[in-house]
Amino acid sequence: MADSFDHSAEFIFETSYADKLYEVLLPEAGSDPGEKSFVALSLSDGALHLSIQAEDVSAMRASVNMWFRLIAVSSEILAL
4 MADSFDHSAE FIFETSYADK LYEVLLPEAG SDPGEKSFVA LSLSDGALHL SIQAEDVSAM
64 RASVNMWFRL IAVSSEILAL
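Here the working numbering is used: the first residue of the sequence shown is 4, the next is one more, and so on.
Each hint should be verified, as a subset may be incorrect.
Claimed, not checked - Here are the in silico distance ranges between beta carbons for each label pair:
1. Ser7 x Leu81: 29 to 37 Å
2. Glu26 x Phe71: 16 to 24 Å
3. Ser61 x Asp22: 13 to 21 Å
4. Asp9 x Glu79: 31 to 39 Å
5. Ser7 x Ala82: 33 to 41 Å
6. Glu38 x Leu83: 27 to 35 Å
7. Gly37 x Glu79: 17 to 25 Å
8. Ala82 x Pro30: 19 to 27 Å
Since the hints were made in silico from the structure, they are not lab data. Predicted model, so just to flag it, every value in this text is computed and none were measured. All C-beta atoms in this analysis are idealised placements derived from N, C-alpha and C, irrespective of residue type, glycine included.
Between the sequences and the hints, there should be enough to build the whole structure, so can you do that?
Here you go:
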């Protein structure tokens, strides 16, 4: 993880299928070369923990929006 990530946010999602969300979303975590953000996922006490670090506010907003959409869609599918 680069030292240039000046912004960070942490979110905890408590759900009965946190383990399934973790499995589904884990391949999307991390960062690609040239990306302006880094995302880490972890699972503890039946909750999904999402940690986002970003270079700037725009990158943070984009990452938060994308991850909230991914989690919302995945949650809806798992709830079926």
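Sort out which numbered hints this structure fails and list those numbers smallest first. Checked against the structure, the hints that fail are numbers 3 and 7, while the rest are satisfied.
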